[in-house]
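Colleague: Going line by line, the protein sequences match chains D and P. Residue 78 in the working numbering sits at position 78 of the first sequence; the count goes up by one each step and never skips. Convert by adding 1000 to the 1-based position in the second sequence; the result is the number in the working numbering.
A portion of the hints provided could be inaccurate.
[Unchecked claim] Below, a sample of chain D positions facing chain P; criterion: calculated Cβ distance under 7 Å: (1) T19; (2) M26; (3) I27; (4) G31; (5) V34; (6) I45; (7) L124; (8) Q127; (9) F132; (10) A177; (11) D181; (12) F217; (13) P232; (14) V235; (15) A254.
[Unchecked claim] Only pairs whose alpha carbons sit at most 20 Å apart, straight line, appear in this in silico SDA-like list of lysine to any residue: (16) K1129/P x A1111/P; (17) K1129/P x L52/D; (18) K1129/P x R43/D; (19) K1129/P x L1142/P; (20) K1290/P x A1219/P; (21) K1189/P x L1150/P; (22) K1129/P x A28/D; (23) K1129/P x S50/D; (24) K1129/P x I45/D.
[To be verified] Simulated coverage check for chain P against chain D, where a stretch passes if three residues somewhere in it have a Cβ under 8 Å from a Cβ of chain D: (25) 1059–1065; (26) 1085–1097; (27) 1137–1149; (28) 1256–1269; (29) 1272–1281.
Hints in this document: simulated from the structure, not taken from any laboratory. In this text the structure is predicted, and so the values were computed from the model without any measurement. By construction, the Cβ of each residue, glycine as well, lies at the ideal position given by its N, Cα and C atoms.
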Amino acid sequence: MSAANRPHWLVRWLVHVVTYAVALTMIAPFGWMVSTSLKTSQRAIDPNPSLLPDGPPTQWQWNHYVEAWDRAHLGDFYLNSIIVALVVTVLSVLFCAMAGFAFAKLRFAGRKITFAILLATLLLPYQVYFIFAYFICSWLGYIDQLHALIVPFLASAFGIFYMRQSIIAVPDSLLDAGRIDGFTDFELFVNIIVPTVRPALAALAIFTFMASWNNFFWPLIVIDSSDHITLPLAVERLSAGQFVDSWPQRMAAATIITVPTIFVFVLFQRSFVEGLALTGVKG
Amino acid sequence: MTGRSTRSGWAFVAFPLAVVFLFTALPTVAGVVLSFFVWNGSDAPSFIGLGNFQAAMTKDPQFWYALRNTLIFAAVTVPITTVLAFLFAVILNARWFVGRTAVRTMFFLPAVVSIIAVGYVWRWVLDPKAGLLNATLEWAHLDALFGGDLPAWLGDNPWGLGAMILVQIWRNLGFCVVLYLAALSQVPKSLHEAASVDGAGPWQSIWCVTWPCVRPMTAFLIITGSIWALQVFDLVWGIWGEAQMRWTDVLNAHLYREFTHLRLSYSATIGVCMLLLTAVVTIAQIRWMKRSEEADR
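For reference, chain D alone in the conformation it holds in the complex:
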């Protein structure tokens, strides 16, 4: 919007007020979460809630964080979540990029038909396939193992499609030059494709990581015991009254689980938003 096209100052002022009010609403639940986690159990359920915990910050109930961490075994669940999300992200981005490269730039028998089938699976809601995906995992002996949260996610139709769309834009002349230098297809992939489509790889990595980290439905299906649950499941059990029994402690646990995602997001905000923009345009 050019300077000449600025709305009236009163409108601008109003727009700021409304937008900041909505932005505050967006983060209010997080503020409420942290505030409650530092209140005493008594004050937390007071029907006339106060904005901040009583007294100066030194008197706030910081011990709820230690208690929540210990009693809810958050350390173990953190480890599960990190293992699953990291392995899935690294391998899935690699496999999707490889398949995307083949579909975009290589000729092989059955390429068109397999790609068409792949695109069709993109439209399927998981509600139709999770039952037999469960039985296949059970047949492979994955139930209640972290394998069940990793292997099915090592490649995705979305990721392959996304990488194909990004790689197809790489000029063929680059690849031809590589071939003249005697590169094999694999060397072309490593030396030319990967460096060229790095932004798309980063975007896919962030999506995959967030999807894996926040996945709830599938772990709920395949993980039975407490040993191998990931953070979202741990939180769900917390809220059902398992592990800890007081509201402030639950809020402390929720804060402990939420803060790293917020941290990662703020840290990688630029590539995250750019990645979103990329998919949006492709979509």
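Starting from the known structure of chain D, arrange chain P on it as the hints suggest.
Modeller: Relative to chain D, chain P alone:
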């Protein structure tokens, strides 16, 4: 496309395709087949044709409640989120807005955090007695709007469905804003300049230039937003729990409950219904958008 036909193509796609085939394509076919059988996972399955679908239509009132709530949920959240997201994206794209980056981050935060983690924060916010929402409404003297009685947001009443819609908009708004911002950055500046030369004010410029220019993004957001809304699960499960309620149940929650009760074939039937519903809604939207695009030409 370069190079000769090679065998190495299959080396690149074999494993990724095997994963997608094994955990998506094959189970889908099996799931659709299962919806024509009765099976609890252990006994031999027996064929009943369309019996499961008939049971859902005629003998399962909960299916209808879940279907109704899912449809209302999608029909209300998607347009509101899309329009609000467009408006806020235009605002956050304006140079005169102070603190754009900070506000964008605040908008986007709900989208990156696990809804399960903030789920019981929301349960707390929505709590009819000690919750933030009702406290705010009371503080602002808005209780009169609700006839003096503040709603029980977590209860089995239409307000519960309303609260679900509220949380969904809260969660998805920032995501849509960011996508719109990306689309806005591609609108040629010359168009706005031309419009202002022609005497268009800021509002006309927004509705007559910006809005048509971002139509592909609007279409994308409406289609994907509808698919997500029709398949909503984590939000409902995390905040309203597994209770079978008339106003806060959705298809996906109903399906999961049937699965845990080992009525596998019935669960698959609900899944197939969701697939059909998603397909019908998506195809209808695409056709409608194509027609309105052609009408504009």
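Colleague: Look at each hint and say if it fits the structure.
Modeller: Outcome of the hint check:
1. T19: holds, 5 Å
2. M26: holds, 5 Å
3. I27: Since chain P brings a Cβ to about 5 Å from I27/D, closer than 7 Å, the hint holds.
4. G31: violated, 10 Å
5. V34: Given a least distance of 10 Å, the restraint on V34/D is violated.
6. I45: Check passed: Cβ of I45/D comes within 6 Å of chain P, closer than 7 Å.
7. L124: Result: holds, 5 Å to nearest chain P Cβ.
8. Q127: holds, 4 Å
9. F132: Hint holds; F132/D Cβ to chain P Cβ min 3 Å, cut 7 Å.
10. A177: violated, 11 Å
11. D181: Violated: closest Cβ of chain P sits about 14 Å from D181/D, beyond 7 Å.
12. F217: holds, 6 Å
13. P232: With Cβ-Cβ at 4 Å, under 7 Å, it holds.
14. V235: The hint holds - V235/D has a Cβ within 7 Å of chain P, the shortest such distance being about 5 Å.
15. A254: This interface hint holds because 5 Å falls under the 7 Å limit.
16. K1129/P x A1111/P: The given pair, whose Cα atoms are some 27 Å apart, is violated under the 20 Å limit.
17. K1129/P x L52/D: Holds. K1129/P to L52/D sits at ~18 Å (cutoff 20 Å).
18. K1129/P x R43/D: holds, 14 Å
19. K1129/P x L1142/P: holds, 15 Å
20. K1290/P x A1219/P: With a Cα-Cα distance of about 10 Å, the restraint between K1290/P and A1219/P holds, given a limit of 20 Å.
21. K1189/P x L1150/P: Violated, because 48 Å separates the two Cα atoms, which is more than 20 Å.
22. K1129/P x A28/D: holds, 18 Å
23. K1129/P x S50/D: holds, 14 Å
24. K1129/P x I45/D: The given pair, whose Cα atoms are some 9 Å apart, holds under the 20 Å limit.
25. 1059–1065: violated (count 0)
26. 1085–1097: With 8 residues closer than 8 Å to chain D, the segment 1085–1097 of chain P meets the three-residue bar; holds.
27. 1137–1149: Three-residue rule not met by the segment 1137–1149 of chain P, so violated; n is 0.
28. 1256–1269: Holds, because 5 residues of the segment 1256–1269 of chain P bring their Cβ atoms closer than 8 Å to Cβ atoms of chain D.
29. 1272–1281: With 5 residues close enough to chain D, the hint holds.
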